[in-house]
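Student: For this one, chain A is given, so just place chains B, C, D, E and F on it according to the hints.
Which chain is which? The protein sequence lines are A, B, C, D, E and F, in order.
With the first letter of the first sequence counted as 1, position 15 gets the number 15 in the working numbering; the numbers rise by one all the way through.
With the first letter of the second sequence counted as 1, position 144 gets the number 144 in the working numbering; the numbers rise by one all the way through.
With the first letter of the third sequence counted as 1, position 14 gets the number 14 in the working numbering; the numbers rise by one all the way through.
With the first letter of the fourth sequence counted as 1, position 149 gets the number 149 in the working numbering; the numbers rise by one all the way through.
With the first letter of the fifth sequence counted as 1, position 106 gets the number 106 in the working numbering; the numbers rise by one all the way through.
With the first letter of the sixth sequence counted as 1, position 62 gets the number 62 in the working numbering; the numbers rise by one all the way through.
Treat the hints with care, since some could be wrong.
Identical chains blur together in the list; that is why a pair holds if it fits in one copy or across any two.
[Claimed, not checked] Cut-off 25 Å, straight-line C-alpha distance, at most; resulting in silico cross-link-like pairs (BS3-like, lysine-lysine):
hint	residue 1	residue 2
1	LYS32	LYS135
2	LYS47	LYS148
3	LYS47	LYS135
4	LYS47	LYS9
If you're looking for bench data, these hints aren't it; they were derived computationally from the structure.
6 protein chains.
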Amino acid sequence: MKERLTRLKTIRKIIKNHRIESQDVLLSHLQKEGFEVTQATLSRDLKLLKVGKISDGKSRYVYSLPDEDADRESEQIYIQDFLRGYVSIDFSGNIVVIKTFGGHADSVSAALDQFNMEEVLGTVAGDNCIFACLKEGVSGTEFMAALKKRVPGLEDE
Amino acid sequence: MKERLTRLKTIRKIIKNHRIESQDVLLSHLQKEGFEVTQATLSRDLKLLKVGKISDGKSRYVYSLPDEDADRESEQIYIQDFLRGYVSIDFSGNIVVIKTFGGHADSVSAALDQFNMEEVLGTVAGDNCIFACLKEGVSGTEFMAALKKRVPGLEDE
Amino acid sequence: MKERLTRLKTIRKIIKNHRIESQDVLLSHLQKEGFEVTQATLSRDLKLLKVGKISDGKSRYVYSLPDEDADRESEQIYIQDFLRGYVSIDFSGNIVVIKTFGGHADSVSAALDQFNMEEVLGTVAGDNCIFACLKEGVSGTEFMAALKKRVPGLEDE
Amino acid sequence: MKERLTRLKTIRKIIKNHRIESQDVLLSHLQKEGFEVTQATLSRDLKLLKVGKISDGKSRYVYSLPDEDADRESEQIYIQDFLRGYVSIDFSGNIVVIKTFGGHADSVSAALDQFNMEEVLGTVAGDNCIFACLKEGVSGTEFMAALKKRVPGLEDE
Amino acid sequence: MKERLTRLKTIRKIIKNHRIESQDVLLSHLQKEGFEVTQATLSRDLKLLKVGKISDGKSRYVYSLPDEDADRESEQIYIQDFLRGYVSIDFSGNIVVIKTFGGHADSVSAALDQFNMEEVLGTVAGDNCIFACLKEGVSGTEFMAALKKRVPGLEDE
Amino acid sequence: MKERLTRLKTIRKIIKNHRIESQDVLLSHLQKEGFEVTQATLSRDLKLLKVGKISDGKSRYVYSLPDEDADRESEQIYIQDFLRGYVSIDFSGNIVVIKTFGGHADSVSAALDQFNMEEVLGTVAGDNCIFACLKEGVSGTEFMAALKKRVPGLEDE
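Chain A extracted, bound-state conformation (with noise of 0.2 Å):
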């Protein structure tokens, strides 16, 4: 079988391509392209990419994919939310720690997921405090540095 990352951008590829309005009609086109998958390990898949099924204005409904490289505004809010969240940015290891000001975990944690950062494997957020698991290999460093790229706000404290 061949890898998950391989068959993700396969079907990017082919959402991008068709008009597909079910998962076996999915299921199928992956098929052709050598994939076999089931349904649940597809769900997975959509909700990894992201993927949202939605209506084409002629009462159809097709999947799509979200627009990441569009949709500056609303990245925009993210960085707000983050900047107003977080009090202080630490690493140990492989993990980031994220200190907020009381109530803002969950907005900073969620500011993170947002900026979908590959060297983020996920993020858990208490009530005023976040760990951030870093990819294997990635330093904390690297991080910041890929993090003050999205959030250029971000300042050398």
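Tutor: For chains B, C, D, E and F alone, coordinates are given in the frame of chain A:
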């Protein structure tokens, strides 16, 4: 100013009938229909309507309504989540108290939100208990009848 | 179909008087008593009754009722948790609002659940505040009187 | 025993007019004013009044009231948190249901707590929904009017 | 003092071979075996061993071990919860990052706890992401192999 | 720009030696000492230092440092919370995994935060488990030794 419900219906109509690519264009459509709203209000309206912004397959991104009528499959999953997780359902005044198995309050609450019942104003989940707040004038019995239509497997206990 | 409360009493009686080793055996006992229920309903009933499945010391496992009357010790611990954590108790309609010290909403809420008060339908905890929903017809004053019986140290403030 | 509200006012007066360095001293002041309370009750009162213990600049620590009147700056931040996070506000009986953008329930709830509105007994936040419980006799409309005084930017939607 | 693991094994043996009705009796058994522990330590040990106190059918209550070997049924439910909820599983160092569908982090985390895997020290769940911490020296690949034994339906993705 | 730690020490010194009534005044003090920071950075610094703004008894409000050395009483309460709630403490790499009794993760986590241990970067609490992330280079054994100094009753288990 016309009421929010009328405005929400109008937004729905505009998105259904036009290819809207930005909030600015949507705002000018709304203005023609007699609604003067701020960008912030429009953002909240789009959130309430669960409007997404999605690819049209040619590198453009347009607003799109969620797939309410067609998507029976995913409704089925939420019904199973509800049946898997709930333990008991009680009422008192405008509050529905749903006890759940440990760790299932969030998934039962998410299912209830997904049912999008007009009887329910909102839900808050603890760890093994959910409160749903009923719309003014809706009785527990009416809620129960409506829920049973959504969750056919729900037993008389 | 007989009511849930009657069925719950019957299940309690069956478990008390017989060595029940599986849900199937329990279901057939229930059938003899005139109750036709599904496995799913039975699971929910056992959860509500806090029934556990435990070793009989000879590698067999039997259903067992929780130790409600005898276990005064652990009740004492929950009373202390309640007294340690709560800050104020107020009422409005069928809702009891209990403010707590930071980080103690969960432990106060768990204590309240443990008291198993018939006046309370359920509780939902935030970070430093709990909502408890009172059974229809129970007043805040009645709840307070019942709570004081459970938590003797509770002061008139 | 005099009522809690009277006692809270008295504590406020004592802390304002004296340099109180310990709970024991505060208890004896209260006693002179006719209040016999335990250390535990006093702790809860201090929590409700948001009293802190702070340095006087000479290595001594005294109780101090929070800065309610003066601190307009930080109020401004909470107003922005509220406006950033909320999606809709509805009522039913004594419950206010506030829907929020994902991950913003905590920050909106913290803002509402910070407004310290006498109409509100307490709030409990889920993931994208908050319940606030209104004081007995306060209507949703009255709450809304009071909220608009606190949050000037709040629109009629 | 002997080590905790040895003591836990001894407690398990005592409860299996005797009818223990109180912590005092259990403490004196432990003493005979050479373990001097406080009541508080014993409470924590009983929690770790998931020991319950249950009716013997004659109004007496005895300590009892959980039904680890026999209760395949309920294991099946947790496997389904895991398969229903998880989206992806990644590793980095000693941290396993499990992404879940919205609202399913708690139920997947509860399932993982229930599997009682010796490779896992503990889990913390956010809203749609779980961190599990692996025992020192256990690799992600070893965890994955162990998990697949517990969750046979888990696919190679 | 000088490092954050130096700046935090300077802020501490300024607040200790002067009556500071506003962020503007504090910023100008900082400037004299050679620190150019924004209002946002200063807010985060004040949060990290747990600085409060409090009444001086004559209707003025001044910044004040928290009472770290003197307030042994409240430290005692947190020690009791920790001892009441924790079940086991394990390590793996830079992660400390603390299991707790149900509903006590938040209170144990709050206690740990309150201890303000320099070995710990931050904590995230689930429902009955806490992860604490240790500073780079700190071992589990070192953490344990430091914790035992803070929590004298902590047993060797």
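Student: Looking back at the numbered hints, which does the structure fail to meet, lowest number first?
Tutor: Per hint list: single violation, 1.
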